[in-house]
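A.B. asks: Sequences listed follow chains Y and Z, in order.
The working numbering puts the first residue of the first sequence at 1, with every later residue one more than the last.
The working numbering puts the first residue of the second sequence at 1, with every later residue one more than the last.
Fair warning: there could be bad hints in the mix.
Claimed, not checked - For lysine to aspartate or glutamate, the following EDC-like pairs were computed, each having C-alpha atoms within a straight-line distance of at most 20 Å: (1) K202/Z to D121/Y; (2) K104/Y to E206/Z; (3) K98/Y to E28/Y; (4) K92/Y to E114/Y; (5) K200/Z to D121/Y.
Stated by the list, open to error - If you want the footprint, here are the derived chain Y segments under chain Z, 3+ residues with CB under 8 Å: (6) 101-114; (7) 117-129; (8) 136-147.
What the hints contain is simulated information worked out from the structure, not anything from laboratory work.
Glycine included, every Cβ here is placed at the ideal spot set by N, Cα and C.
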Amino acid sequence: MTGALSDETAQAWPTDASMADDVLVRVENLVKYFPVRGNGLVRRTVANVQAVDGVSLTIPSGKTVGLVGETGCGKSTLARCIAGLIPVTSGKVYFEGKDITNLKRRVMQPFRREIQMIFQDPYGSLNPRRRVGAIIGDPFAVHKTATGAERKRAVQDLMARVGLNPEHYNRFPAEFSGGQRQRIGVARALALRPKLIICDEPVSALDVSIQAQVLNLLADLQADFGLSYLFIAHDLEVVRHVSDSVMVMYLGRVAESGPGSQVYTKPRHPYTNALLSAAPAADPDAAASRRRIILTGDVPSPIHPPSGCRFHPRCPKAQELCSEQEPQLETKPGDPPAHLTACHFPVEAGENLADAVMRSAL
Amino acid sequence: MSVTEIQFQTQGMESAPAQVIEGRSQWQLTWRRLRHDRMAVASMVVILCVCAAALMAPLVATWTGHPVLTPFPGKGTNAFGNPVGPGTHGFLLGTDNLGRDLLVRILYGARISLFVGLLTTAIAAVAGTSIGLVSGYFGGFVDTLLARFVDAVLSFPVVITALALAAVLGPSLQIVIGVIAFFSWAGIARIVRGQTLSLKEKEYIEAARSIGANPWRIMFVDILPNLLGPILVLSTLYIPTAVAFEATLSFLGIGVPLPTASWGNILAIANDYYQVAWWYVVFPAAALLATTLAFNLLGDGIRDAMDPRTERIFASSKAKRQRRRRTVRQKVAVPAEGS
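Here chain Y stands alone, though its shape is the one from the complex (with noise of 0.2 Å):
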């Protein structure tokens, strides 16, 4: 499949200010720590989990923006902050130049028909006790936008626009495939005709075939309806597919961020370049010819993330500069403006890590 996916991706990213009107979705500086406490009576905050320090992104419409990185890196944790399930530490979310930051349940009511979400999990995302017709109709019955046999209607058309049986509609979720579940939460979260879906590793609980199906029904419905979604993955390749835009984050933070073509073929942040050369290749002779980047060591705690650059540890070209100052996400020379990457040393065209990383290693 991946092999497939890859080559009609890379349309144009707006790279001028000339679109900021186009713009759905502007995040600036976006903090999010957990506290940990301690088990004394008083319980105070001994820690803070930092699972996003200082995210800024913009989502324009109808487009899509990709968010990959390892497990604990704070996509999810992003994920929730812009949908707004979970307080915002500092920072802003805007939503068409709106600040829907840290808004009580009433205030935000008007932008969750706006905001949905798919979510990971296609059996916990779905409740047991409750028949599909009732899962999907909840929107319009939250929302109170339709009654009766008119939402039975509109369930079933739901069910139908992302290619599930509408006579199903009594069924338990527990009588349908994993696939088939997604569809149902797909169409959930198309209920309500949001400007933006935020999808949370859609795919990764999906057989592969399943995973093409389901990126199918997410392109065309965007195609359809004109959505932008946000989409998070760690399988670089379904995001390479499905993105205009990468963002790579890396412990909380932004490592490099930029057009899809451009992030995938000219990474210049060394965790990008070890990512990308972690992802299996379909093609055995490409992926017998290639260096893989082994990187050593594991993901620090995000309690106590590593002082200047948070890669620094793990990183082939790390120097005394690395440990003390923090590298700003900017555009590299000989990049174009929308590339963005935090990195002191990025990586030259032509250079090769995987050297770099033995000779670190000895």
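Following the hints, position chain Z against chain Y.
C.D. replies: Relative to the frame of chain Y, chain Z by itself:
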């Protein structure tokens, strides 16, 4: 294989001719399993009989011509003024100390027992579920407050409280119901709170929040259906406790006041007559025992039927026989292959 090919293939499969199949709910599956549990079915029959008997109490009083409160001195008592035995002078189960028909009094007692058992359990289930849900879902200060309240209720000396209340207000049915209900909800609240704590972390609760559902909708539409099973089992097991508790309070003279018949107060007086009138003790006690036992067994049966892991217990004996035969065949087959 290309993406579009895969899409065509499986979309074709999914839009195969539609069968109108109604999904089988959890309740239907539970009922199917429960039907094959002989003990549970027998319990249901006993409970239905007790209910029918309670409903028919006034009819029986009319048929026998023995109203519940009317003593029949002479006909219903022997020369020493003691109760007469079963079958004497048309008293099917004999009489009580005043010469009243014991059968009619037991049937009227069943009304009180079932009424108290079902009403207090209903109150306890509704209150316990609501408080448990709120406590578990909101957490924080609300939870701490409610959890301490539950602890306080559970640590109360029940009988002493009932005694004190009866002493101050005089014994009455209302006090019985109030006391039993007040001391029953806390256990249900604890269980519901615990379940809510784990259920609220599920992704479908987050999905409900992301479509903008308010906390009450989430609690009662999304969480509650997942709790109905445990609540039903717990409630079924609380009914016999409440029935026995009513009998206890009435036995101690702080429950349903005389002359209203209740199993507890019948037994309280029968206690003085057991040497001369065995039926006076045996029949009301048997009614009490049968009722509480039936509810307990039904509760166990429902619990087993709800748990998919216990399915094999109800596997038909036919399947068991087949399995045994298969093992025998295998044992025979092994040496044959070897030689």
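A.B. asks: Take the hints in turn and mark each one as holding or not.
C.D. replies: Cross-check of the supplied hints:
1. K202/Z to D121/Y: holds (10 Å)
2. K104/Y to E206/Z: Holds: K104/Y and E206/Z sit about 16 Å apart, inside 20 Å.
3. K98/Y to E28/Y: The hint holds at about 13 Å.
4. K92/Y to E114/Y: holds (17 Å)
5. K200/Z to D121/Y: Holds, at roughly 16 Å.
6. 101-114: With 5 residues in contact (Cβ-Cβ under 8 Å with chain Z), the coverage given for the segment 101-114 of chain Y holds.
7. 117-129: holds (count 10)
8. 136-147: holds (count 4)
Hint violations for this structure: none, all hints satisfied.
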